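Enquirer: Based on the sequences and whatever the hints tell you, model everything.
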Amino acid sequence: MEKIKKKKRKTYTRRNFLKGFGSGALSTAVVPKLLVQDAYFLQTKGGKVPLYSKKQITLTINEKKYVLVVEPRETLLHVLRERLKLTGTKESCNAGECGACTVIMDGRTVYSCMILAVEAEGSKITTIEGLLDGEELHPIQKAFVDNDAMQCGYCTPGQIMSAKAFLDKNANPTAEEIKRAMSGNLCRCVSYPHILNAVMGASKRLKKGGA
Amino acid sequence: MKKIEPFEMGIEEGGAVKEIILKKEKLPDWKETKVIGKKIPRVDGYELVSGTAKYSSDINLPGMLYAKVLRSPHPHTEIIDIDSSKAEALPGVKGVLCYKNAPKIKWWSDKSFLFDRTVRYVGDEVAAILAKDEHIAEDALKLIEVTYKPLPYLLDPEEAMKPEAPKIWPEGNLMLFRGEPIRSYSRGDVEKGFAEADIVLERKYTTQVALHLAMETHSDVANWDGDYLTLWESSQGVFWTQEQVAQKLNIPVNKIRIICPYMGGAFGSKWELNKQSIIAALFAKESGHPVKIIATRQENMVAYEHRPSSIQYVKSGVKKDGTLTALKFKYISPIGGYPWHYAGSGSQVRYLYRCNNVQTDEYIVYTNVGRAGAMRAPGCPEESFALEQMMDELAEKLNMDPLKLRLKNNTELYQQSGKPYIGKGLTECMQEGAKLFGWDKRKKPGTPRGRKKKGIGMACGQWGDGSRPPATTIVKINYDGTVNLITGASDLGTGTRTVMSMIVAEELSVPLDSIEVTNADTETTCHTIYSGGSVTVASVGPSVRLAAYDAKKKLLALAAYEMKVDSNDVDIKNGIIFQKSNPDKKLTIKEAASKSIDRVIVGMGKRKPNDYDPQHNIFCCHFAEVEVDSVTSEIKLLRYVAAHDSARVLNRFTYDNQIHGGIGMGIGYALSEERIMDKATGKMLNVNLLDYKIASQIDMPEKITNYAAEIPYPRNNISVKGLGEPPAIPPAATIANALYNALGVRFNDIPITPDKIVQALKNKGV
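Line by line, the protein sequences are chains G and V. Note that the first sequence ends on residue 1414 in my numbering; no numbers are left out. Note that the second sequence ends on residue 828 in my numbering; no numbers are left out.
Hints are supplied without guarantee of correctness; some may be wrong.
[What the hints assert, rightly or not] Here are some chain V residues the structure puts well away from chain G; computed CB gaps all over 12 Å:
#, residue
1, Q477
2, V627
3, I756
[To be verified] Across the chosen pairs, the derived CB separations fall in these ranges:
#, chain 1, residue 1, chain 2, residue 2, range
4, V, N316, G, G1412, 41 to 49 Å
5, G, A1374, V, D502, 41 to 49 Å
6, V, E220, G, N1265, 33 to 41 Å
7, G, G1412, V, P482, 54 to 62 Å
8, V, D289, G, A1374, 40 to 48 Å
9, V, I167, G, Q1259, 39 to 47 Å
10, V, L747, G, Q1259, 57 to 65 Å
11, G, T1263, V, R714, 36 to 44 Å
12, V, K824, G, A1374, 41 to 49 Å
13, V, L238, G, N1265, 55 to 63 Å
14, G, Q1259, V, N163, 50 to 58 Å
15, V, K824, G, N1265, 52 to 60 Å
[Claimed, not checked] Chain V regions said to be covered by chain G (calculated; three or more residues, Cβ under 8 Å):
#, region
16, 324-334
17, 339-353
18, 457-463
19, 550-556
20, 738-752
21, 759-765
Worth flagging that the hints you see were computed from the coordinates, not collected in a lab. Everything numeric in this text was worked out from a predicted model, so none of it was measured. Heads up, the beta-carbon is just placed ideally off N, CA and C, and yes, glycines get one too.
Expert: Right, here's the structure in full:
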């Protein structure tokens, strides 16, 4: 009698899943093979991205293009600071709760620690470094200096990016509107009153035509 | 009976080391100032707003590796074994440290080690991983297998004080102070005082654990060049860090360079050396690569320093005319698993108001809940919350204005020595603050006023002026007339770089933008005291002024020689040196300095020791108006007046910012901040910034007015007192007193969260 060779179908079973995490040395090569054909994908603008293998992406930051190979779990914040050495954007909580990592993505503020680098592909990103005109300060940055709107300065880039995106949409804000818009940027040194003055001052400067 | 000795926060009367008093050149106080006292934008403003300021966490070096720490999941446990083989096999992992291979470096007052076999709170360090990047390091931590043997643990301080409680340390659960388990102070006879009183009140107050939450967590980058270590650290004092690192690693001080570039806040949390610094240094030496270690926010909330909670029992006696006759105070503070030598209350009860009969007993208790450390005015906001509400209650019982009761019990004499305070401005703060605020419009507490109830309250506070040496500063005038200021002080965000530059600009009479400041680097700057305890400006500032003065004298002598005039007949103004008797004869600073054959004029200034006398304190008085929605319990802060007697205001911008800092922290402390621990497991439950809520932009008072009582303070040559901590002391009590005025309900427990307001109003029948 002929032996009928049964083709072993690799399905996602608990046993297969656990096998990859058994005893012995783990290598990053073993784990992805087991999981990549399964349900672990992330849907992004650039298509489906498997979660454990690396992907080449192109990021547009401050009007420059950067090509890099990232793990899907790397956040935009991590890529900015550790991969691209753009350390102006700060990490303070890494959990989307404090605003220190605020950048502008397609015109709206986002917490870059809550954006995966692979998700950011295809978007226009502006960081604090992008506000400078050569070495000249943006009017909002000048307003912060002139109103002493910072102390330790760690939350300051995030505050300024929030202010920029807000003033781009609301050129005539009231104090109450500024407070609400900036309430997602924590400052433990409590520069809040001076920050309010700075954003108010910046809105007036921008109306007059900058500087 | 054992003699009960007086003591202050870390300073003992008569305990100052005999200092060699140097040649006494007393600089007269500035009369009119050109830059000092004005609103001057920060000299490093450009760096801070452009993102070009480099913090320790921003440092990137070639070949840099990353370290992460494995922390105990148990509140009290023995470590039986650690198996890191799986972690070490993960590609990208470069090393592991744990009790098996780490040097036995003593830690916690020699009671423990860098990696101990017993750990004493959730978050205590167990092991560390070194890897190519942070993600691999995180993955590797999960692969370390630790066999724990959990031990009985204590979370409640009053439970820990019971004789049958399990012992966290062999000597017991009370931290010893000079060999005694209770830290006691006594003045007069409290029982006699209570007998004399017409009204006696007894209350219990409780305050919660609060966290520093500096926006930059603890960050270190360590790099060795042979046997020379460079450590970039977010540190309150590079020389203090250097001293601690030298002691831990047992290497000479000249082989250690600590650099604190810009730092993202501290509030006391970056004063004591943390284990991560040594872990980074050890990994860097072993691997031959630079190593970066940054505490995550979650680690920072669970495992690093915190302001301890407190249980306070206050008993006070007062006569009908308002004279305080007795104050009895019991203070229980759980400091966590390890000793902390600055634990204790803050001396408000002992010295703020005049009282001849005082007894204070402090119990500093070990528990398995984190580990306490210094946070902005240690012990003071806690004690002020209790004492200032007690004063308010006494005033109400006496049918007296709370302001008048405080004024009545004001004392111009330091009650330990009987000597008068120098430059005490508390009365001025109380009276002028009250005027600015409109205190006279105060209504009776709890007068019903519709759904939204308004109320006002006040509170006072005091802090010690701990300013002292060491501080050595160099001022260099270069051959092109520009100036370098070299100071060892860290700038925590307070504006140290700016005010020190302003002192040079004022003394040397040169434009502020001709001064470049270098600071906080043990190699290029000279030994200077840490920035903490509100001592920076009064410790370092005088040495900066002396250095500028020294450079100025040398410059003027050189200029006089060039101009062929008498060296006593020259002066400098706005960078122009002129002959006093014939001002048309002049030289620019550049023309004069370029004539120096040394190509540089170096001025040096050292902070002189204090004429020791402990009657220098810093006082403040805060007023607040609150509006409470009695249906939703939402609290709005309408107006706030902060009056401080910090003597001369050096820079009005940084002064205001500092005070706002204390107020904002106080608002969080009073109304929302709280570390919530699970009583069953000893784990922190709200390890995130949403559930541990600090003040945001919308929580601030609508209007804040700062009053400065600038009373001349001859203790140093720039007439300044410290400012950093006093603003954080009274806000909680101020707000609690205002809430009482609005609602007629006392809150003796903070934070005053909405559920407590709802319950209190319910109990009152509103």
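Enquirer: Are the hints correct? Go through all of them and say.
Expert: Results for each hint:
1. Against the 12 Å criterion, Q477(V) stays outside the reach of chain G, whose nearest CB is about 33 Å from its own CB.
2. Against chain G, the non-interface label of V627(V) holds: every CB pair exceeds 12 Å, the least being about 41 Å.
3. For I756(V), the condition that its CB be more than 12 Å from all CB atoms of chain G is violated, with the nearest at approximately 6 Å.
4. The hint said 41 to 49 Å for the Cβ distance between N316(V) and G1412(G), and at roughly 56 Å that hint is violated.
5. Separated by about 43 Å at the C-beta atoms, A1374(G) and D502(V) satisfy the suggested range of 41 to 49 Å.
6. Remark: the range hint 33 to 41 Å for E220(V) to N1265(G) is contradicted by a beta-carbon distance near 57 Å.
7. Roughly 59 Å separates the CB atoms of G1412(G) and P482(V), a value that falls within the hinted 54 to 62 Å.
8. About 59 Å separates the C-beta atoms of D289(V) and A1374(G), a value inconsistent with the hinted range of 40 to 48 Å.
9. The hinted window of 39 to 47 Å between I167(V) and Q1259(G) holds, with their beta carbons roughly 45 Å apart.
10. Evaluation of the 57 to 65 Å hint for L747(V) and Q1259(G) yields a failure: the beta carbon distance comes to about 41 Å.
11. Separated by about 43 Å at the C-beta atoms, T1263(G) and R714(V) satisfy the suggested range of 36 to 44 Å.
12. Taking 41 to 49 Å as the suggested C-beta distance range, the pair K824(V) and A1374(G) conforms, at roughly 47 Å.
13. Checking the proposed 55 to 63 Å range against L238(V) and N1265(G) shows it holds: the Cβ atoms sit about 58 Å from each other.
14. Range check, Q1259(G) to N163(V): about 39 Å between beta-carbon atoms, so the 50 to 58 Å window is missed.
15. Under the hint 52 to 60 Å, the C-beta atoms of K824(V) and N1265(G), about 55 Å apart, fit the expected range.
16. With 5 residues having a Cβ less than 8 Å from any Cβ of chain G, the region 324-334 of chain V passes the three-residue criterion, so the hint holds.
17. Three residues within the 8 Å Cβ limit are the bar, and the region 339-353 of chain V against chain G gives 0, so the coverage statement is violated.
18. For the region 457-463 of chain V, the assignment as covered by chain G is violated, since 0 residues bring a beta-carbon within under 8 Å of that chain's beta-carbons and 3 are needed.
19. Closer than 8 Å: that is the beta-carbon criterion, and the region 550-556 of chain V has 3 residues meeting it against chain G, so the requirement of 3 holds.
20. Counting residues of the region 738-752 of chain V whose beta-carbon sits less than 8 Å from any beta-carbon of chain G gives 3, enough to reach three: the coverage restraint holds.
21. Coverage of the region 759-765 of chain V by chain G holds. Counting CB-CB distances below 8 Å, 3 residues qualify, and the rule asks for three or more.
In summary, the structure is inconsistent with hints 3, 4, 6, 8, 10, 14, 17, 18 from the numbered list given earlier, while agreeing with the others.
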